[in-house]
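Based on the hints, put chains B and C in the right spot on chain A.
Protein chains in written order, with the numbering used here: chain A, 1 to 204; chain B, 1 to 113; chain C, 1 to 622.
It should be emphasised that the hints constitute simulated quantities derived from the structure, not laboratory data. One thing to keep in mind: the hints can contain errors.
The list that follows gives simulated cross-link-like pairs (lysine to any residue, SDA-like), each with its CA atoms no further than 20 Å apart [as the list claims (entries may be wrong)]:
1) A:LYS128 <-> A:GLY56
2) C:LYS18 <-> C:GLU518
3) B:LYS23 <-> A:PHE73
4) C:LYS425 <-> C:ARG494
5) C:LYS425 <-> C:VAL481
6) A:LYS128 <-> C:GLU593
7) C:LYS537 <-> C:GLY344
8) C:LYS537 <-> C:ILE526
9) C:LYS528 <-> C:MET194
10) B:LYS23 <-> A:ALA103
11) C:LYS528 <-> A:SER18
12) B:LYS23 <-> A:VAL74
13) C:LYS279 <-> C:LEU341
14) A:LYS128 <-> A:PRO59
15) C:LYS279 <-> C:TRP342
Chain A side only, calculated, beta carbon under 7 Å to chain B, not exhaustive [what the hints assert, rightly or not]:
16) VAL21
17) TRP29
18) CYS36
19) GLY40
20) LEU76
21) SER79
22) LEU80
23) VAL83
24) ALA87
25) HIS185
26) ILE189
27) LEU200
28) VAL201
29) PRO202
Note that CB positions come from ideal geometry on N, CA and C, so glycine has one too.
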Amino acid sequence: MAAHGAAAAVHDEQHHSSTGVDNTKMAMWAFLGSECLFFGSLISTYLLYRNRVLDGPRPHEIYDIPYTSVSSFVLLMSSLTMVLALAAIQRRDMRGCRIWLLATAMLGMIFIGGQIYEFTTFVEEGLKLSTSTFGSSFFVMTGFHGAHVTVGIFMLLALFGMSMFGRLDDADGPRKVELIGLYWHFVDIVWIVIFTVVYLVPTN
Amino acid sequence: MTHANPLEPEEPGHHPGPSTYVKVAVILAIVTAIEVALSYIPGASPALIVTGLLVMALAKFVLVALYFMHLRFDNPLFRRLFVTGVILALIVFAVYLTTLFARGGAAPLVTGS
Amino acid sequence: MASAAVPRRGMFARPTAKTGVWGWVTTVDHKKIGIMYGVTAFVFFILGGLEALAIRTQLAAPNQETLSADVYNQFFTMHGLTMIFLVVMPMGTALMNYFIPLMIGARDVAFPRLNALSYWVFLFGGLFLYSSFFLGGAPDGGWFGYAPLSTELPGPGMTFYAVGLQILGVASIAGAVNFIVTIINMRAPGMTFMRLPVFIWMTLVTSFLLLFALPVIAVALFQLMFDRVYEANFFNPAAGGDPLLWQHLFWLFGHPEVYIMILPAMGIVSDILPTFARKPIFGYAAIVFAGIAIGFMGWGVWAHHMFTSGLGPVANSAFALSTMFIAVPTGIKIFNWLGTLWGGDIRFTTPLLFAVGFVAMFVIGGLSGVTHSIVPHDAQQHDTYYVVAHFHYVLFGGAIFGIFAGLYYWWPKVFGRLLSEGLGKLHFWLMIIGFNLAFGPMHIYGLQGMPRRIYTYPDGMGWNFWNLVSTIGAFAIALSVLVFLGNVIVSRRRGEIAGADPWDGRTLEWSIPSPPPEYNFAEIPIVKRRDDWWYTKYTETPEGVPTPVHTGGVDVDDEDEDPGRHIHLPDPSYFPIVAAAGLPVTGYGVIYENPVLIAAGLVVTLLGLFGWVLEPSAEEGH
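The shape of chain A in the complex, shown without the other chains (with noise of 0.2 Å):
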């Protein structure tokens, strides 16, 4: 049921690839890969400065392992949500891409409410991002990936709405599943290294 116009589209997308390989795909990889200098930026910088606590508690006097390690068991599992998405729609089982869709958005959102009560515990306990380097270079680390894992929950329930309209129907779908599903892979990977550097390593 692929419209003229949408293999017209696809033909533009796809028209010229030297490599074989697809434009956005190829742009994707790119981007993730100066998103490792990004995150590398804010963990060695969370490395230089979690010893460094002149005031307010210490990372091990605060952080609540226990806890953590249920929503980081909740990212890990999106992930394997959202490649079961893409896997569904690969074989053209559209319904099942939305509820897989659906399953990584909520997950992620689960995600993210257990961030907010996280810091917000945080804040009641005294640690602030003015509180010391430790306070400051925690939450704008882990922040940003918090708003890395929201603007993904964003592009899910965009893809999810736009499947919903039939806009994923075409030949084309599965290549903008794959694509958000990269992104919200490596934000996943970003937080393997945040739990077990930050949260796991013990501290003095």
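This is chains B and C only, laid out in the frame that chain A set:
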């Protein structure tokens, strides 16, 4: 010059299905559980804990990249783009952190009470 | 070319104008975008130049009060920010934008609307930065913004710095992604990597440098912003904040940044010298690999900007060695440029003069740079005018001369008329003499101890005479720029009509009309070798002398009156400018600590992006 067809995988070879993805997810969950457990072991040397944690985090990173992000089955160009970013980040940040932690003769960093 | 029914998506119909103001505002054509980048960057060049003239007027003699210390700080900061972020980088982008598709045999870049977004974000970012002059004071903490000075300077200036550069960074990183995908994925059939013009290779390396370096300064700028506006402690000494954190993050970006500025110019020169020597570039592979090597090694030298910051002898020695080594690939390029000219049939046109000027001036700047790599020397030279001499030789004598070479070389292709050779040569000689008068003496009074960034100096230091010479040189440069402007105006209507190939060029852009049609190539060329265009025109005698092929070249005056009528191009769009417009609104929200403005800007950008994603790149029906 070839055209990429989004309906067909770039390599007609092995293409994981949902069952593979679920298996990977189970492994990820188990490794996470081990990581958390490891961080609680009393009396274990910090060096051992940190090494173990980093190894496991790396394993999870690689699994998500290779399977969920499909890097294992895709055009090597993507792997190269991404790995370049990862390695560059690791090197430059390790170097600058080293210069900041290894300052000889400077006033010691405050380590709190 | 519009279809009978223009699609209506969202509130407004898809724009179709290809002319007039609306045509420029909604364009996604890389050529128009390139022209807009060039014109905007040139206006900023004038502004940055006026700032320089003010600085030089203030420093022409000791103890002057033409500019107060406070105003002086704003002028030297904005001069640096302008020349780096609003002139050299966007001028390079202008030429890259216009010529990448033409040189690789493509019809446009990979993401035309993203390309437009980059331009509008650049324009709005530049205007945002300059609005600071009228809104409480321009940035005054130096272009390098060292913390904790930059975190604690009163007034909005350094917040404009943090936010303005952030906005500009978005434009550059979008452009980098665009060019990387274009060059890797949109080459004409037969255009293998080793057949690409050197300019394209240098653009590819530059784009990777941008891709990986910009995120680091983005983090530093966010940290600076959080410290200034939201009381964070990243650089607060009382909380243990570390000034070296800023320096590391800044220079991790800042050093690749200087290669970002010079590599495109090196690429331009590598394509100009062969054209006017009628010889292929000497050692193509070596030049390409040297460029790639500079890209990689550029990541290993950043702390040479921090030799006097107390890193210690081990770190200093390591970075001194890496800095010395990076001179090697640069040297390879220089020898190859000389080798290209050697034995060539040289035509001394204005582009060639600027290209040769580039090589000479860049060598001088490179030599002073090598002296910085020796740590004890640097301890003497750091923060003196010797450094100012060094970077102006490589960035003005280098990048700007290279850019002017490119402008004179490619002007006929873009506008269909040649610039006057007479005025061009006058421009060149005035500029190179003025430039050396302005910056040569800085080596001297720098070594005599005159520090950087001082708004005045006392009498009796022995600096008076050469400072005056520098000021005279600066005004000579300004005069030469007026000559260039005069050339542009005069040549608009009286310039010689160029035709497709006025220089007897070697690369693909000379095979299409001047100016090129919207679709660039009526038929995508099939490339058989490097410098393919040259070899369709010439074959070589056994002695290596080019002789014309009797059926050579392509008949550009095609009998087909509309060869492009079958060609399907992306349609104009207003979403890029809409998405771009939200960014400065959010920026002002941060400056004025107004959450409503912050949110409003984000909403505008979001709506722009949303509309963009739902709109196909080209409409059906035409």
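Given PRO202 (chain A) as an interface hint, is its Cβ closer than 7 Å to any Cβ of chain B? Because about 5 Å separates PRO202 (chain A) from the closest Cβ in chain B, which is inside the 7 Å limit, the hint holds.
Once the shortest beta carbon distance from CYS36 (chain A) to chain B is found, is it less than 7 Å? holds (4 Å)
Would you settle whether the hint for GLY40 (chain A) is holds or violated, based on the nearest Cβ-Cβ distance to chain B being less than 7 Å? holds (4 Å)
Does VAL201 (chain A) meet its interface restraint, that is, does its C-beta lie within less than 7 Å of any C-beta in chain B? At 5 Å from the nearest chain B Cβ, VAL201 (chain A) passes the 7 Å test, so the hint holds.
Using the nearest Cβ pair, does LEU76 (chain A) come within less than 7 Å of chain B? Hint on LEU76 (chain A): holds, closest Cβ of chain B at ~5 Å, below 7 Å.
Take the C-alpha atoms of LYS425 (chain C) and VAL481 (chain C), compute the straight-line distance between them, and say whether it is at most 20 Å. holds (12 Å)
Taking the least C-beta to C-beta distance, is LEU80 (chain A) closer than 7 Å to chain B? This interface hint holds because 4 Å falls under the 7 Å limit.
Would the hint on ALA87 (chain A) stand, with a C-beta cut-off of 7 Å toward chain B? holds (5 Å)
Pairwise hint evaluation, TRP342 (chain C) against LYS279 (chain C), where the allowed Cα distance is 20 Å at most: holds (9 Å)
LYS537 (chain C) and GLY344 (chain C): Cα distance at most 20 Å? holds (18 Å)
Holds or violated: LYS23 (chain B) and ALA103 (chain A), Cα atoms, limit 20 Å. holds (18 Å)
Grab the minimum C-beta distance from LEU200 (chain A) to chain B and call the hint holds if it beats 7 Å, violated otherwise. holds (4 Å)
Of the hints listed earlier, there is not a single one the structure fails to meet.
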